[in-house]
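Please model the complete structure; the sequences and the hints are all you need to start from.
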Amino acid sequence: MKLLYSLFSRRAFLNSLIGGWLAALGAAFISPLLKYIVPPTREPDQVSVPLAEVQDLAAGSVQGFAWGNKPGLLKKAEDGSFIAFVGVCTHLDCNVSFVAEKRRFYCACHEGWYDENGINVAGPPPAPLRRLAVSVEGDALIVKKQG
Amino acid sequence: MNVLRAWIEERLGLRAVAAFLEKKEVPRHKHTIFYYTGSSILLFLGIQIVTGVLLAFYYQPTLAEANASVARIVTEMPLGWLLRSVHSWSATFMIAIVFVHLLGIAFTKAYRKPREATWITGVLLLAASLAFGFTGYLLPWDELSLAATKVGTNLPKAIPVVGAWLTGVMRAGEDVTGDTLSRFFIFHVSVLPLAVIALLGVHLFLVQRHGMSVPLEEERKGAKGPVIPFWPNFAYREAGVWLILLGLLVTIAVFAAPGLGPQADLMAPAPEGIKPEWYFLFLFQTLKLFPARILGLNGEIVAVLIMMAGMGLFAFLPFIDNRPAERKGKVIAGLVWAGLAYAMGMSIWSLL
Ligand code: FES
Chain C
36 MKLLYSLFSR RAFLNSLIGG WLAALGAAFI SPLLKYIVPP TREPDQVSVP LAEVQDLAAG
96 SVQGFAWGNK PGLLKKAEDG SFIAFVGVCT HLDCNVSFVA EKRRFYCACH EGWYDENGIN
156 VAGPPPAPLR RLAVSVEGDA LIVKKQG
Chain G
432 MNVLRAWIEE RLGLRAVAAF LEKKEVPRHK HTIFYYTGSS ILLFLGIQIV TGVLLAFYYQ
492 PTLAEANASV ARIVTEMPLG WLLRSVHSWS ATFMIAIVFV HLLGIAFTKA YRKPREATWI
552 TGVLLLAASL AFGFTGYLLP WDELSLAATK VGTNLPKAIP VVGAWLTGVM RAGEDVTGDT
612 LSRFFIFHVS VLPLAVIALL GVHLFLVQRH GMSVPLEEER KGAKGPVIPF WPNFAYREAG
672 VWLILLGLLV TIAVFAAPGL GPQADLMAPA PEGIKPEWYF LFLFQTLKLF PARILGLNGE
732 IVAVLIMMAG MGLFAFLPFI DNRPAERKGK VIAGLVWAGL AYAMGMSIWS LL
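Chains as they are written, first to last, in the numbering used here: chain C, 36 to 182; chain G, 432 to 783.
No lab work stands behind these hints, which were simulated from the structure alone. All values reported here derive from a predicted model rather than from experimental measurement. Heads up, a few of these hints could be off.
[To be verified] Restricting the straight-line Cα-Cα distance to at most 20 Å, the calculated cross-link-like pairs of lysine to aspartate or glutamate (DMTMM-like) are: (1) G:461 x G:669; (2) G:588 x C:136; (3) G:719 x C:78; (4) C:105 x G:605; (5) G:706 x C:150; (6) G:461 x G:610; (7) C:70 x G:606; (8) C:105 x G:649; (9) G:655 x G:453; (10) C:70 x G:605; (11) C:179 x G:606; (12) C:70 x G:610; (13) C:111 x C:150; (14) C:137 x G:703; (15) G:761 x G:648; (16) C:180 x G:605.
Given below as structure tokens:
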């Protein structure tokens, strides 16, 4: 059967063909650029803290260490063992501090509080502080991502 | 002289522009004052460009040097303190007038057909102005600006699907680092200026094309109301306004130069009393008040989504308020007032 008129004019056909090519070409150019603009994160797999640095720490007090480019917090428990947190508020990312008198962690940005085990207890924080795993190896504490 | 003029005319054809300006008229009614806001914004934009370029002569956007170079600008460079103060205050003035401009347009419903596109380019320009403020705030790299930037760049994370990626784009990675500083700098001095120039071109073109909008009530009176010729009458008045604003700006800048906090430390706890720039205060206060969980959802996500929805509605106001003269239009005007009252109330609360 011969169609009386074509569904596409030659111009419409060529336009969509070339338009499609250009769109594909554009996408091919843009996708690597989108990849480039977010660099990979450099969260460390583990960090070692020399035992000598934390030995004199009183039970119940907290010392900072560098967890990549975030602050880490090392807390000595009553029994002498260590627990570690990423010292970054789970609300909107501000760095928290340990308030020794209250035995709580405090975030100044929107007045968020965590208890000494890093559990969010007051203010806007929606989740506990992120825990890190601590183990002793030789004369160093090894802090690792948990799980 | 005439030969020169003819020579230029032949090449540029500026006659058409001059003829347009001679014919241009500014309607005169009780809201005429809002017509001055546009050119005042341009004044402050011009000041921002000049002072910004001068500041960039000495500013160094690196982790080690940023804070120190700002300190050097204000302590060692001749009149550097004044330049920085003018840049900072002029930003405040500009954004304040941008808001007045916007509210004037919202309340006189100047966005109605056929000016929807003008409104949208305006909203985009507003977004660019706020982005200027946000990126500029980090550049002195002190404790407060670091904490404010951490919070501000964390907010988009709450947006579904693209949120985490967007935060990554703003921060150059997961965290705020020296890379964030370079990125904010290049946005502040290159990406945003280019965007503003392009948007402003379209915006101004559309304003000229449609002419000045007249408030509904005036329009309803029928016959064309009184007008002021743009050239030279209105232009001279604008010049007067510029002079007053300029005097105010420089006076305030001399007497209230902004301070510079201690250099930001990525490892230090956030300082007490972080506050964003005044135009973000209502958002800041809202975030502080939102509980951690609402109906089992993350409070922050709810807050951000509500804000996004509000901004989205605002951007498309001309299409939503498509019957400005009727009941619907009045309700919408009421909502805009309510929004304004909310923003002002929250801002004041956050200062208490
Ligand atoms: S960032 Fe910690 S409470 Fe908001």
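Verification of the supplied hints:
Of the supplied pair hints, the one linking residue 461 of chain G and residue 669 of chain G holds, its CA atoms being roughly 17 Å apart against a limit of 20 Å. Among the hinted pairs, residue 588 of chain G with residue 136 of chain C is inconsistent with the structure: their alpha-carbon atoms are about 34 Å apart, more than 20 Å. Proposed proximity of residue 719 of chain G and residue 78 of chain C is contradicted: the alpha carbons are some 29 Å apart, above 20 Å. For the hint linking residue 105 of chain C to residue 605 of chain G, the alpha-carbon distance of about 10 Å falls within 20 Å, and the restraint holds.
Restraint check for residue 706 of chain G and residue 150 of chain C: the C-alpha separation of about 25 Å exceeds 20 Å, so the hint is violated. A C-alpha spacing of about 50 Å is found between residue 461 of chain G and residue 610 of chain G, which places the hinted pair above 20 Å, so the restraint is violated. As the CA atoms of residue 70 of chain C and residue 606 of chain G are separated by approximately 17 Å, the hinted pair is consistent with the 20 Å bound. About 60 Å separates the Cα atoms of residue 105 of chain C and residue 649 of chain G, which puts this hinted pair outside 20 Å; it is violated.
The straight-line distance between the Cα atoms of residue 655 of chain G and residue 453 of chain G is roughly 19 Å, inside the 20 Å bound, and the hint therefore holds. A distance of roughly 14 Å separates the Cα atoms of residue 70 of chain C and residue 605 of chain G; the hinted pair therefore holds under the 20 Å criterion. Only pairs whose Cα atoms come within 20 Å are accepted, and residue 179 of chain C paired with residue 606 of chain G is accepted, the gap being roughly 19 Å. Pair hint residue 70 of chain C plus residue 610 of chain G holds up; C-alpha atoms about 16 Å apart against a cutoff of 20 Å.
Between residue 111 of chain C and residue 150 of chain C, the direct Cα distance comes to roughly 14 Å. Compliance with the 20 Å bound is thereby established for this hinted pair. At most 20 Å may separate the alpha-carbon atoms for a hinted pair to count; residue 137 of chain C and residue 703 of chain G meet this at roughly 17 Å. For the given pair, residue 761 of chain G sits about 13 Å from residue 648 of chain G by alpha-carbon distance, which is consistent with the 20 Å threshold. Distance restraint check for residue 180 of chain C and residue 605 of chain G: the Cα-Cα separation of roughly 16 Å lies within the 20 Å cut-off, and the hinted pair is therefore satisfied.
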